[in-house]
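K.L.:
Residue numbers (the working numbering), protein chains in the order written: chain A, 1 to 322; chain B, 323 to 667.
Just so you know, these hints were derived from the structure itself, not from any lab.
Be aware that one or more of the hints could be misleading.
[To be verified] If you anchor each label on the Cβ, the simulated ranges turn out as follows:
(1) P421/B with S105/A: 51 to 59 Å
(2) Q510/B with P50/A: 24 to 32 Å
(3) P285/A with R568/B: 46 to 54 Å
(4) A637/B with S179/A: 38 to 46 Å
(5) R570/B with R20/A: 30 to 38 Å
(6) T263/A with A383/B: 35 to 43 Å
(7) A637/B with H139/A: 52 to 60 Å
(8) S179/A with R570/B: 27 to 35 Å
(9) Q350/B with G264/A: 39 to 47 Å
(10) H314/A with K360/B: 31 to 39 Å
(11) Q358/B with R104/A: 48 to 56 Å
(12) P50/A with D333/B: 49 to 57 Å
(13) P242/A with N504/B: 22 to 30 Å
[Claimed, not checked] Partner residues are not named here, just some residues of chain B that face chain A (Cβ under 10 Å, in silico):
(14) G401
(15) V432
(16) P640
All values reported here derive from a predicted model rather than from experimental measurement.
Even glycine gets a Cβ: it sits at the ideal position worked out from N, Cα and C.
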Amino acid sequence: MSQMTMVQAINHALRLELGRNERVLVLGEDVGRNGGVFRATDGLMAAFGPDRVVDMPLAESAIVGAAVGLAMGGMCPVAEIQFLGFIYEAMDQMASQAARVRFRSNGRFSAPLVVRAPFGGGVRTPEVHSDSLEALFVHTPGLYVVMPSTPYDAKGLLLTAIRTPDPVLFLEPMALYRSFRQEVPEGDYEIPLGAARVVRAGTQLTLVGWGPVVPVMEEAAERSAVSCDIIDLRWLSPIDWPCVLASVEKTGRAVVVHEAVRTGGLGAEVAATIQERAFLSLEAPVMRVTGYDTPYPVPLLEDDWLPNLERIRHAIKRTMEF
Amino acid sequence: MVGTPPNVAEDHLVDWFRWMITMRTFDQRAWNLQRQGKIGTYAPFSGQEAAQIGCMSALRADDWIASSYREWAGLAYFGVPLVQPLLSSAGHPDGGCMPESLNVLPIQVVIGAQLLHGVGLAWASKLQQQGRVAMTVFGDGATSQGDFHEALNLASVMKLPAIFVCQNNRWAISLPVERQMNVRSVAQRALAYDIDGFRVDGNDVLATAQVMRSVVDRVRQEQVPVLVELVTYRLGAHTTADDPTRYRDAGEQAAGAAADPLVRYAAYLTAQGLLDAAARARMQQEAQSAVDHAVAELERRGRVDAWTVFDQVYATRPAQLEEQRHELQQRVLAHRADGAGGGAR
Ligand SMILES: Cc1ncc(C[n+]2csc(CCOP(=O)(O)OP(=O)(O)O)c2C)c(N)n1
Ligand SMILES: [Mg+2]
Chain A
1 MSQMTMVQAI NHALRLELGR NERVLVLGED VGRNGGVFRA TDGLMAAFGP DRVVDMPLAE
61 SAIVGAAVGL AMGGMCPVAE IQFLGFIYEA MDQMASQAAR VRFRSNGRFS APLVVRAPFG
121 GGVRTPEVHS DSLEALFVHT PGLYVVMPST PYDAKGLLLT AIRTPDPVLF LEPMALYRSF
181 RQEVPEGDYE IPLGAARVVR AGTQLTLVGW GPVVPVMEEA AERSAVSCDI IDLRWLSPID
241 WPCVLASVEK TGRAVVVHEA VRTGGLGAEV AATIQERAFL SLEAPVMRVT GYDTPYPVPL
301 LEDDWLPNLE RIRHAIKRTM EF
Chain B
323 MVGTPPNVAE DHLVDWFRWM ITMRTFDQRA WNLQRQGKIG TYAPFSGQEA AQIGCMSALR
383 ADDWIASSYR EWAGLAYFGV PLVQPLLSSA GHPDGGCMPE SLNVLPIQVV IGAQLLHGVG
443 LAWASKLQQQ GRVAMTVFGD GATSQGDFHE ALNLASVMKL PAIFVCQNNR WAISLPVERQ
503 MNVRSVAQRA LAYDIDGFRV DGNDVLATAQ VMRSVVDRVR QEQVPVLVEL VTYRLGAHTT
563 ADDPTRYRDA GEQAAGAAAD PLVRYAAYLT AQGLLDAAAR ARMQQEAQSA VDHAVAELER
623 RGRVDAWTVF DQVYATRPAQ LEEQRHELQQ RVLAHRADGA GGGAR
């Protein structure tokens, strides 16, 4: 065990898997010599050589498309998209190719690749670097989508993702890369595919969220007189419905929090499923606290745009007073 | 740089140097502003001033420009105010709001996207017989993107007045050109699309300006696309978030510094009797005050109301956005009334 940041935990997982499985390779822009723009792949090229850790020319469609081919051809590629906002360049390869090859070939081929991508706000990036795009990929059958919010989860989830026989989009909240350290085992461990994490147990209200908003939900719960159950979904596809529904059946109230824009966001799916399957337990409508329906704002405006502590507390209050 | 270039007035020659000094001064100041926390991520262009200014020097005032984020020296020379890059890096909504009088798109951060816009702009100009050319400026890294090849192909097929200028500064963040492409030049790729391709010493402002003038004239007259590769060097880091010592050695940096276009051009102008120490000191002083002026302008723009984030999403705000705008406005105003700063997470 040692204290690690999320970036270090990700680096650890990659190092472990590169060492354990010679079919694993890491590819992306600036991942080699530079160690990644966030240093997530720091030292990996020196340790495993340029055939295993590959600096790719600047072309996202080439990175993901080639990873699909590598995966079909028997390798285990872990591709990096430098910022999630640039994944649109590779959208066809993600959604129509990687996600569908098992389906199209009726099981003859599959594309067990991982695409890692940092995303999320609060870190004053230039435009397009902060967008939360998870809903687009959850809306793409055939892909798994996962998002850690702690260093421990980051390592275990990445190891699970690399060993999953289908494509996984692994989303890394930039704001949490170095925001805190946590005890992370040196060794190998996985976190089961599809399992949410109960962050905190409470009785009066369920807070459901993922990624960068998880620490914000925790702070809101700590400062609130309302006893909150907090669920970090982690896996956005597939969603751990039994976990969510059990909590709502216990508390009778739910607030869903995400950084992505509101309309068509995953929060809508969570709210809809709760009302479909736990309607009789509900004491109040399921509320959402989300980004607004605009492109991600410029740095001068982002703090007021993000689902912050105040907005979550307000939603808790309204739900309790309903 | 030998002899006086044909058809260039002496005051142009000096003017280019004045702009190079101004923009070098600006670049260093912007770097410092970022370090002081006054602006956000900034992509310095030091070393590329000659390539940028020379490249814009042949354009007509109403021509189109679609460039990357590292093109501020060229854009400033073309008429974009010096406060613009500061607004952009400070994360101000006006960062992308270029002056009405110029046909300059907001800087592009998605590598390669602007090449296709250049194609469409050239096409629009041709359809409306405006006589404008569309210049797109991009890095060596962008030539790996599909967009680059799609743009050249389409412009060639449609015979459009598009000029594709590659600022080959040798690096795409940490990847040197020889690991981006297995060809000896970017320019030779023109052959594949049967268009003209030129490779120019971009650190020579005279050579750049001269080639660009003939290219712009030809593109405007014959309505055909051209690819130009300006060979230059990024003297500094990729951005304020980058540490170039991780991927390039001191020897290369030193060689780059030795080929600094400002040093070369100053030597040329001095030898021609067009520049002396006093003139240079005066220019330096003027540069300083132009930059000071831009920084003051940035500070003057100050606070922005968060709810304005909704104002330019659509021409007319749908009801749903109006509601959200109202909610955000009420929240921020209530917060201000409480005397607290907005947006504590
Ligand atoms: C589509 C896309 N992918 C990745 C990035 C991240 N990124 C920003 S600049 C850069 C390198 C660009 O190199 P080049 O085109 O040579 O331009 P330069 O920065 O050298 O001016 C990368 C990879 C991006 N902005 N857009
Ligand atoms: Mg470059």
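K.L.:
Of the hints stated earlier, which fail here?
P.N.:
As far as the earlier hints go, 7, 13 and 14 are violated by this structure, in ascending order.
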